[in-house]
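2 protein chains.
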Amino acid sequence: MKFKKNNHIFVINFNFIDVVSSKNIHDDFMKEAVRLASENVLNGGGPFGAIIVKENKIIARTGNSVTQTNDPTAHAEVNAIRQACKKLNTFHLEGCTIYSSCEPCPMCLAAIYWARIDRVFFGASREDAADAGFDDSLIYNEIPKDYKERLVPFTIIKGEEFKRPFLLWEKNTAKIEY
Amino acid sequence: MKFKKNNHIFVINFNFIDVVSSKNIHDDFMKEAVRLASENVLNGGGPFGAIIVKENKIIARTGNSVTQTNDPTAHAEVNAIRQACKKLNTFHLEGCTIYSSCEPCPMCLAAIYWARIDRVFFGASREDAADAGFDDSLIYNEIPKDYKERLVPFTIIKGEEFKRPFLLWEKNTAKIEY
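So the sequences go chain by chain: A and B. Numbering-wise, the first sequence is residues 1 to 178 according to the working numbering. Numbering-wise, the second sequence is residues 1 to 178 according to the working numbering.
In case anyone wonders, no lab produced these hints; they're calculated from the structure. Computed from a predicted structure; not experimentally measured. Worth double-checking, as some hints may not be accurate.
[Unchecked claim] Dumping the calculated DSS-like pairs for lysine-lysine here, alpha-carbon to alpha-carbon at most 25 Å:
1) K163/A with K31/B
2) K145/A with K148/B
3) K86/B with K148/A
4) K158/A with K57/B
5) K31/B with K175/A
6) K171/A with K31/B
7) K158/B with K57/A
8) K158/A with K54/B
9) K86/B with K86/A
10) K158/A with K31/B
11) K31/A with K163/B
12) K54/B with K31/A
13) K148/A with K145/B
14) K145/A with K158/B
15) K148/B with K31/A
16) K54/A with K86/B
17) K31/A with K158/B
18) K86/B with K87/A
19) K86/A with K87/B
20) K145/B with K175/B
21) K175/B with K31/A
22) K158/B with K54/A
23) K54/B with K148/A
[Claimed, not checked] With the Cβ distance kept under 7 Å, some of the chain A side facing chain B (calculated, not the full set):
24) V78
25) G95
26) A110
27) Y113
28) N172
29) Y178
[Said to hold, decoys possible] Every beta carbon over 12 Å from chain A, so not counted as near; a handful from chain B, in silico:
30) K54
31) E55
32) N56
33) K57
34) I58
35) R61
By construction, the Cβ of each residue, glycine as well, lies at the ideal position given by its N, Cα and C atoms.
Turn these sequences into a full structure, and let the hints steer you where they fit.
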C-alpha cells in the first residue's frame, strides 16, 4: 500500500480533536501501555506494550508477541493496529491515538502512518531501549539510504511488464481504494 | 522488538549463499511475484505481490490484503514474512530471499530487517508506484526526522517507572531472546 497522490489526509488530521482533556489522562493511558509491557514479559514475551484509544476508550491492548506467535512483525504497536482495525471493522484509524510503552521502531512508525492514526505518545525512548539491549538504530539508518547502499543487498529487476499490476489496478472500476 | 547491542547478524549475513545460480532464475521468481500482484488486483486487492524463496523453493506467496482483511499492515511483503515464518515455525528467516513486485515501503523494509531476510529483489520502483497513484515518499521522509518535527504529533511522557518492563526483561532468566 502506498499513499495516493494528492492525498492530504495528514494535513486534514492536523485538526484532530484531542481525545483526552488533561495531561493526567495521557499519563493514565501510558501507565496502562507500560503495565501491558510488564505483564507481557511475565507471560514470556518482549518488554513492549501498546494501547489504542478512540473517544477516550481503549479499543486495543497488546504486547509484543514475536516469539509467542512466530511473527517478526508482531510488535506491540502493529498488534494494536491489527486489533483495533478488527474491532472497528476498518483499515483506517482516523480519530485514534496510540500509546506505546517505548518509542516506535521504523516498522511500527510506518504502520502508524499507513493506519492514519492521529497522534502518538510513547514512554521509554529508543535510547532507553538500546541501554536495555534493544537497539533499532541500524534500521533507522538504513531506511533513508539509496537502495544500492544498504547492508542487506537490494536489487532491482527491470521490466516493462512489471508495471502490469498497476495498469490492471487503474482499469479495475470495482477496486477498493486505500 | 529491537536489535540487540553487538548483534552482528547483518555482517554475518553478507556471506549468504545465493539461492539461485543465474539471472534468469531471479527473473522467473520476480515474474511469479508480479503474477501474484496482477492476480491480487483481479481478486479485489492492491497491485502488489511478493514471494519468499529458501534453497530455490518458494515458501510463501502473497498479495497485499489491506482491504480484504481490514489490516493496514497487510502489505504483500509483511504477509509473505508472516506466511514464511508460520511455515518454517520460526521468527527469523535467515537464508531466505524476498522478491517483491514493487520496491518495499519503509514498513516492509523494516519488517524485512527484523525478519533477518538475506536479500531483496524488487520489480517496479517507488517512482513507478507513485506514477500509478501510490506514493510512500511522505513516510520515507518522516522516519529520519526528530520525533518532535513529524507531521503526526509524537509526544514523550517521561517517567522512570516506564523503564520497568526492561528491568523485568533483564531479570527474566526464562526469556526467549529475539
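To see whether the hints hold, each was checked on the structure:
1. For a cut-off of 25 Å, the pair hint linking K163/A to K31/B stands: about 11 Å separates their Cα positions.
2. About 22 Å separates the Cα atoms of K145/A and K148/B, which keeps this hinted pair within 25 Å; it holds.
3. A distance of roughly 30 Å separates the Cα atoms of K86/B and K148/A; the hinted pair therefore is violated under the 25 Å criterion.
4. With a C-alpha separation of about 22 Å, the suggested pairing of K158/A with K57/B holds against the 25 Å cut-off.
5. Under the criterion of a C-alpha separation no larger than 25 Å, the hint pairing K31/B with K175/A is consistent with the structure, at around 23 Å.
6. For the proposed pair K171/A and K31/B, the alpha carbon gap of about 21 Å is at most 25 Å, so the pair holds.
7. The straight-line distance between the Cα atoms of K158/B and K57/A is roughly 22 Å, inside the 25 Å bound, and the hint therefore holds.
8. Straight-line distance between C-alpha atoms of K158/A and K54/B comes to about 22 Å, which keeps the hinted pair within the 25 Å bound.
9. Restraint check: the Cα-Cα separation between K86/B and K86/A comes to about 21 Å, which is no more than 25 Å; the hinted pair holds.
10. In summary, the hint linking K158/A to K31/B is supported, as the alpha carbons are separated by about 11 Å, within the 25 Å threshold.
11. Restraint check for K31/A and K163/B: satisfied, since their Cα atoms lie roughly 11 Å apart, inside the 25 Å limit.
12. Taking the CA atoms of K54/B and K31/A, the gap is about 42 Å. The hint is violated against a cut of 25 Å.
13. Simply put, K148/A and K145/B have alpha-carbon atoms about 22 Å apart, close enough for the 25 Å limit, and the pair holds.
14. For the hint linking K145/A to K158/B, the alpha-carbon distance of about 31 Å lies beyond 25 Å, and the restraint is violated.
15. A hinted pair counts as satisfied when its Cα atoms are at most 25 Å apart, and K148/B with K31/A qualifies at roughly 21 Å.
16. With a CA separation close to 32 Å, the supplied pair K54/A and K86/B exceeds the 25 Å bound.
17. For a cut-off of 25 Å, the pair hint linking K31/A to K158/B stands: about 11 Å separates their Cα positions.
18. Between K86/B and K87/A the CA atoms are separated by roughly 24 Å; this keeps the pair inside 25 Å, and the hint holds.
19. Only pairs whose Cα atoms come within 25 Å are accepted, and K86/A paired with K87/B is accepted, the gap being roughly 24 Å.
20. A distance of roughly 33 Å separates the Cα atoms of K145/B and K175/B; the hinted pair therefore is violated under the 25 Å criterion.
21. Taking the CA atoms of K175/B and K31/A, the gap is about 23 Å. The hint holds against a cut of 25 Å.
22. Taken as a hint, the K158/B and K54/A pair is honoured in the structure, with Cα atoms around 22 Å apart against an allowance of 25 Å.
23. At roughly 23 Å between alpha-carbon atoms, K54/B and K148/A fall within 25 Å of each other, so this suggested pair holds.
24. For V78/A, the shortest C-beta to C-beta distance to chain B is roughly 5 Å, which falls under 7 Å, so the interface hint holds.
25. The interface hint given for G95/A is broken, as the beta carbon of that residue sits about 13 Å from the closest beta carbon of chain B, more than 7 Å.
26. At about 3 Å, the closest approach between the beta carbon of A110/A and any beta carbon in chain B falls short of 7 Å, and the interface hint on this residue holds.
27. At a threshold of 7 Å, the smallest CB-CB gap from Y113/A to chain B is about 5 Å, leaving the interface hint in force.
28. Checking N172/A against chain B by beta carbon gives a least distance of about 6 Å; that is within 7 Å, so the hint holds.
29. With 7 Å as the threshold, the beta carbon of Y178/A comes within range of chain B, its nearest partner Cβ sitting at about 5 Å, so the hint holds.
30. At the 12 Å boundary, the C-beta of K54/B stays outside the reach of chain A, the nearest C-beta of that chain being 15 Å off.
31. With a minimum CB-CB distance of about 18 Å to chain A, E55/B clears the 12 Å threshold, and the non-interface call stands.
32. Every C-beta of chain A lies more than 12 Å from that of N56/B, the closest at about 17 Å, which supports listing it as non-interface.
33. Even its closest Cβ contact with chain A, about 19 Å, leaves K57/B beyond 12 Å, as expected for a residue assigned away from the interface.
34. At roughly 16 Å, the least C-beta separation between I58/B and chain A is larger than 12 Å, which holds for a residue marked as non-interface.
35. Consistency note on R61/B: stated as away from chain A, and its beta-carbon is indeed over 12 Å from all of that chain's, at 14 Å minimum.
Checked against the numbered hints above, the structure breaks hints 3, 12, 14, 16, 20 and 25 and satisfies the rest.
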